[in-house]
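Just so we're aligned, residue 115 is where the sequence shown starts under this note's numbering, counting upward by one.
Fair warning: there could be bad hints in the mix.
Stated by the list, open to error - Derived DEER-like restraints, expressed as beta-carbon distance ranges:
#1 Arg121 with Val265: 35 to 45 Å
#2 Ala289 with Lys116: 51 to 61 Å
#3 Glu267 with Asp153: 36 to 46 Å
#4 Thr191 with Val265: 20 to 30 Å
#5 Asp266 with Asp153: 25 to 35 Å
#6 Arg206 with Arg121: 16 to 26 Å
#7 Ala226 with Val254: 52 to 62 Å
#8 Met127 with Asp283: 21 to 31 Å
#9 Asp228 with Leu137: 41 to 51 Å
#10 Leu235 with Lys116: 49 to 59 Å
If you are wondering where the hints come from, they were derived from the structure by calculation, not from laboratory data.
Using N, Cα and C, we set each Cβ at its ideal position, and we do this for glycine too.
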Amino acid sequence: VKITSVRATPVLMPRPTPFTSSLGTHAGSENAVVEIETDAGITGVGEASSIWDRRGRGCADDINGLLAEALVGRDPTRIRLVTNAMDALLSRRSAPAKAGVEMALWDILGKALDTPVHQLLGGAVRERLALSRSLSMGTVDEVLAQADTLVDEGYGTLKMKVGRDAEADVANLSA
Numbered sequence: 115v116k117i118t119s120v121r122a123t124p125v126l127m128p129r130p131t132p133f134t135s136s137l138g139t140h141a142g143s144e145n146a147v148v149e150i151e152t153d154a155g156i157t158g159v160g161e162a163s164s165i166w167d168r169r170g171r172g173c174a175d176d177i178n179g180l181l182a183e184a185l186v187g188r189d190p191t192r193i194r195l196v197t198n199a200m201d202a203l204l205s206r207r208s209a210p211a212k213a214g215v216e217m218a219l220w221d222i223l224g225k226a227l228d229t230p231v232h233q234l235l236g237g238a239v240r241e242r243l244a245l246s247r248s249l250s251m252g253t254v255d256e257v258l259a260q261a262d263t264l265v266d267e268g269y270g271t272l273k274m275k276v277g278r279d280a281e282a283d284v285a286n287l288s289a
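Working from the sequences, and respecting the hints, build out all of it.
Take a look at the structure:
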């Protein structure tokens, strides 16, 4: 089996409400959907996920540029060899791009073997995962309302962003 094409498409993922941190306010996150096609007719799909708006395009540029050319013709089931090749081409800052490609490679292997990827990785170790959420910066009332909503939605761990205004940070942390 050989890789015949690699492509990444930036996709804007809007947030239900804008998120504010010390880096600014963000209405969405731009990620990249990664598709890798093989000569066996299998297409693997992955996601280069980014926290902030602008990184999806950067991930797509890294994947469509350096990585696509270097990966075409390789065996997608030799995942370690492919990840080593990516590491040689891209710096650590491109971890989301490399992760998206690796996800697509695991998807190809799972489809080729008709086996869920979690089985390829050793099997499920739990039925549910605990998730955390970050609270957007805001007034004490806004942050408390967010916290109440997220706890009602089932989040057991909440993280608070600080670093914009020391007095506001202390007030929010004290609440």
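To see whether the hints hold, each was checked on the structure:
1. Arg121 with Val265: 35 to 45 Å: holds, 40 Å
2. Ala289 with Lys116: 51 to 61 Å: About 58 Å separates the Cβ atoms of Ala289 and Lys116, which means 51 to 61 Å holds.
3. Glu267 with Asp153: 36 to 46 Å: The hint (36 to 46 Å, Cβ to Cβ) holds, given that Glu267 and Asp153 are roughly 44 Å apart.
4. Thr191 with Val265: 20 to 30 Å: Check failed, 43 Å falls outside 20 to 30 Å.
5. Asp266 with Asp153: 25 to 35 Å: violated, 50 Å
6. Arg206 with Arg121: 16 to 26 Å: holds, 23 Å
7. Ala226 with Val254: 52 to 62 Å: holds, 54 Å
8. Met127 with Asp283: 21 to 31 Å: Taking Cβ atoms as reference, Met127 and Asp283 lie about 28 Å apart, which means the hint holds.
9. Asp228 with Leu137: 41 to 51 Å: Holds, at about 44 Å.
10. Leu235 with Lys116: 49 to 59 Å: violated, 23 Å
Of the numbered hints listed earlier, those contradicted by the structure are 4, 5 and 10.
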